[in-house]
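Trainee: Residue numbers (the working numbering), protein chains in the order written: chain C, 1 to 176; chain L, 1 to 736.
Hints are computed from structural coordinates only; laboratory data are not their basis. Don't take every hint at face value.
[As the list claims (entries may be wrong)] Covered stretches of chain C, as calculated for chain L (at least 3 residues, CB under 8 Å):
| id | segment |
| --- | --- |
| 1 | 77 to 87 |
| 2 | 120 to 134 |
[Claimed, not checked] Below are the EDC-like pairs computed for lysine to aspartate or glutamate, each with C-alpha atoms no more than 16 Å apart in a straight line:
| id | chain 1 | residue 1 | chain 2 | residue 2 |
| --- | --- | --- | --- | --- |
| 3 | L | Lys196 | C | Asp172 |
| 4 | L | Lys208 | C | Glu147 |
| 5 | L | Lys699 | L | Asp689 |
| 6 | C | Lys155 | L | Glu715 |
| 7 | L | Lys316 | L | Asp328 |
| 8 | C | Lys155 | C | Asp172 |
| 9 | L | Lys50 | L | Asp133 |
| 10 | L | Lys196 | L | Asp126 |
| 11 | L | Lys50 | L | Glu285 |
These numbers were taken from a predicted model, which means no experiment stands behind them. Ideal Cβ placement from N, Cα and C applies to all residues, glycine included.
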Amino acid sequence: MKMNPNRKTSSRRKKIILCLSILLILAVAGSVAYLMVQNKKDQQEHLKAEQPGESSKQDIIDNTSKPSEGLPDDSTSTTSDQVPTDSALSVSITSTTQSSGTVRASAQTSGAGTCVFIYQPSDGGKPVTREVAVTNNTCSVEISQNEFAYLGQWKLTTTYYKDGSKTEVSKDVTIN
Amino acid sequence: MSRSINIAKATFAALVISLFGLIFAPNISHALSGADWNAGRIISDDTFFKPSSMSASDIQYFLNSMVPNCDTQGTQPYNGTTAAAYGTSRGYPPPYTCLKDYLENPTTHQNNANGGSVSGGASAADIIKFASDTYGISPKVLIVLLQKEQSLVTDNWPWTIQYRSATGYGCPDTAPCDAEYYGFYNQVMKAAYQFKRYAQYPGEYRYKAFQSNFIQWNPNAACGGSDVYIHTQSTAGLYNYTPYQPNATALSDIYGGQNDGCSSYGNRNFWRMYSDWFGSTLYEETFMSYKSHVGGVGWTGATTNSGTTGTTGQSKSLEAIKINGSVDYSTYNYTTGWQPTVNNGMISGTTGMSRAIQAIKINPTGSLANRYDVYYRAHVGGIGWIGWAKNGETAGITGSSTNNIESIEVRLVLKGYSAPGSTSGAYQNLGTATYNPSASLSVASHIGGFGWQPTVTDTMASGTTEQNKQIEAVKINLNNTTGQTGGIAYSAFLLGIGWQNWQSNDSVAGTTGQSRRMEALRITLTGQIADGYDVWYRGYVQNIGWLDWTKNGGAVGSVGAGFQLEAIETRITPKNNPPTTLALQKPLHNPLGLSMPDTYSVVYSTHLSDIGWVGNTKQNEIGGTTGQSRPMEAIRFDTINSVFGSLSVSCSAYAKGSGWVNNVSPGNTCGTTGQSKPIESIKLSLSGDAANKYDVYYKAHISTIGWQDWVKNGEQAGTPTSNKNIEAIVVKLVQK
């Protein structure tokens, strides 16, 4: 039986509409997927640009550029208890003050080298630490009071390093 | 045809592929900008204190994805040479170990940061997870901390010193580190421990949540800072760990390092990195949401999880509270004492009665109780804030008419953490009121999607408001010490059913398990007590709110509007003492003026030719037969127990060849049996005390004619001496 030409045309039109619909759906889906991937890529570019490698290494470079006279070899891989104490070395805390939002400490040493000031809170929490080079047998630190999260009693330990050895002294201080 | 099918298949496939692509495409989060920064709410507590947010394998997978290729030998170009050469010149030669491959023995701290094997080594992912679980901190937080402090997560050639100071915890820059802090394991454990301590003992640290704190822009005090109200404990913890906030310059490009000499980046970077990797820092599960009703003002807006509700300094008392979420709660007022414990957004307290809340108890349940302690305290008029109570303890002062609560503050505190403030004096008991009214109601509602609510007394609302939950059934009981006999009866108007039978004494009116909404309700006192008291009640209707009060059998709710009844409130008062009326709406919302016929059930039996008695025919059902040419010979009605008093159907029947049998009372045969005498006509009427409250309608099916029209109240159905038999009958009672 021969198909009615009008019906045939109508059927063809339906198929064309269906094909166009499929193309439209695929185009929309493709665009959405592209935008999503692009967005993610942008995000990753942001992260890449700022975070990895260079910027972090720059921070470390800044740190390692600090004077480290008198510290033991490979001191960053050493714990302080592994450094021998030398009774010939001496260090004394000469002042601890707090004013205008700044906590200050000074120590007198028996020579050149490096001082490490560690304020340890009595609750066993996060210490505040500073490392400075000795100048004219004196080392001093100024630390923003804000960094002392725990208000009250802290133990200040000043460790003096010279020629791969150390000596240290402690004092209780009140931060408020 | 097959081509069409192919096209259809292709279309379907395209749709599936599109959907698949949409579901599994990378997460889209809009790029952050400085405008998104909130100094007082860097991260929510729910996000921060969630150790379950990642498993160890999740962490490992994440670390792998961040550094697909680790430059172990430092072959990449760096600073004009190679990474290896540069690192060696600074004292950090290869091999380099990326975080995803890092191993450390937690006891000896032997590690592979500079290559080599490790005996008994735990992976970085395992260490992070262990610290997270030990101290209740989200692994995501610890991962971001490692990136923020040392870029360890994305670095593909990290130096050993980055592991040594992984979380910036207590090691000097280049000098030997205290053994307690040395190494990746100690760094991660200590940092997690510290964050827990900040939350555990918040009063001991400089930056405190739920108050304003001055926070500097950077360590130089001369740069200044700003006051920041810290909204979460975890945000306070971040400031205690890194005590600076970014200034405008640091926020102008949150991915850059613009510095005007007063900029800092630590907390900004934490927030940005977390958001970029894991989504919003501010997700917070809603454990509870609460509102209070302030005298002379009305309901406040909702507060979620933690915060205050009510007012201070305005001498306005709280009268009611409602809490959605995993808690039970109860309030106390000077007049009636403690009200029944309620839950799920029910109203505790009263509205429109000028009764101030003086004490409150809030008890966590379910998932909330597993994770948090719920602390709350009261702001009492003339006194101020008093101590914190927790987990069902009493907060407030009872026994004096003056100690009204004006505001309530709630805090969710992680289990095991300390109270947000002093707990002394949370409750003072100067005396406790007891309330024994001579007549009151106990009401319980069955709520769609929830079930039976706790029973409340009158003066309280049963059901819910503002939650779009339908009442499906109620149970009401009368507490009667008046010395007068009597009871309570109530009837529900249901979708698709209409009025149900009257119920009494805590039996169920409405339905359960059918998701069928109640649209209206009526309540009445019965017996002697009805002579001296009125029962008042009002309904809270969907899309409308509270309607006006009605009493003694009147309908409250709606009809014809498609609205559900969501709450009811009841009172029993001596005669002619209506409750204070606040609503302008009529008690019954009936926009179409529809009648609400009472489908009060009448039950009867019919005696049919060649069959005999057929019993238990109910209201609106057909008694008898049609299309069988089978005459009905008698009818017999059961007794009716009306809440309005005695009620019975009297019957008169004309039996063929016998004439009228008049005014047959219930239980007796109206017509004849065993005589083959069809009924040709029937008249029904009501008698008794409640007869004036109802109409009895009935219609008859006549042989060779069919159904006649309805007649009522003694009118004649069928025709005597017509030789046409009544074959069937339908009877119903309708409230006038």
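Trainee: Please go over all the hints and tell whether each is borne out by the structure.
Mentor: So, going through the hints one by one against the coordinates:
Here's how the segment 77 to 87 of chain C fares: 7 of its residues keep a CB closer than 8 Å to some CB of chain L, so the rule of at least three is met and the hint holds. Counting residues of the segment 120 to 134 of chain C whose beta carbon lies closer than 8 Å to any beta carbon of chain L gives 7, which reaches the threshold of three, so the coverage claim holds. Taking the CA atoms of Lys196(L) and Asp172(C), the gap is near 25 Å; set against the 16 Å cutoff, the hint is violated. Between Lys208(L) and Glu147(C), the direct Cα distance comes to roughly 14 Å. Compliance with the 16 Å bound is thereby established for this hinted pair.
Between Lys699(L) and Asp689(L) the CA atoms are separated by roughly 25 Å; this puts the pair beyond 16 Å, and the hint is violated. Between the alpha carbons of Lys155(C) and Glu715(L) the distance comes to roughly 105 Å, so the proposed pair goes past 16 Å and is violated. A threshold of 16 Å between alpha carbons decides the hint, and for Lys316(L) with Asp328(L) the separation of about 25 Å lies outside it, so the pair is violated. For the hint linking Lys155(C) to Asp172(C), the alpha-carbon distance of about 4 Å falls within 16 Å, and the restraint holds.
Simply put, Lys50(L) and Asp133(L) have alpha-carbon atoms about 9 Å apart, close enough for the 16 Å limit, and the pair holds. At most 16 Å may separate the alpha-carbon atoms for a hinted pair to count; Lys196(L) and Asp126(L) exceed this at roughly 19 Å. Using a Cα cut-off of 16 Å, the hinted pair Lys50(L) and Glu285(L) holds, with the two alpha carbons roughly 11 Å apart.
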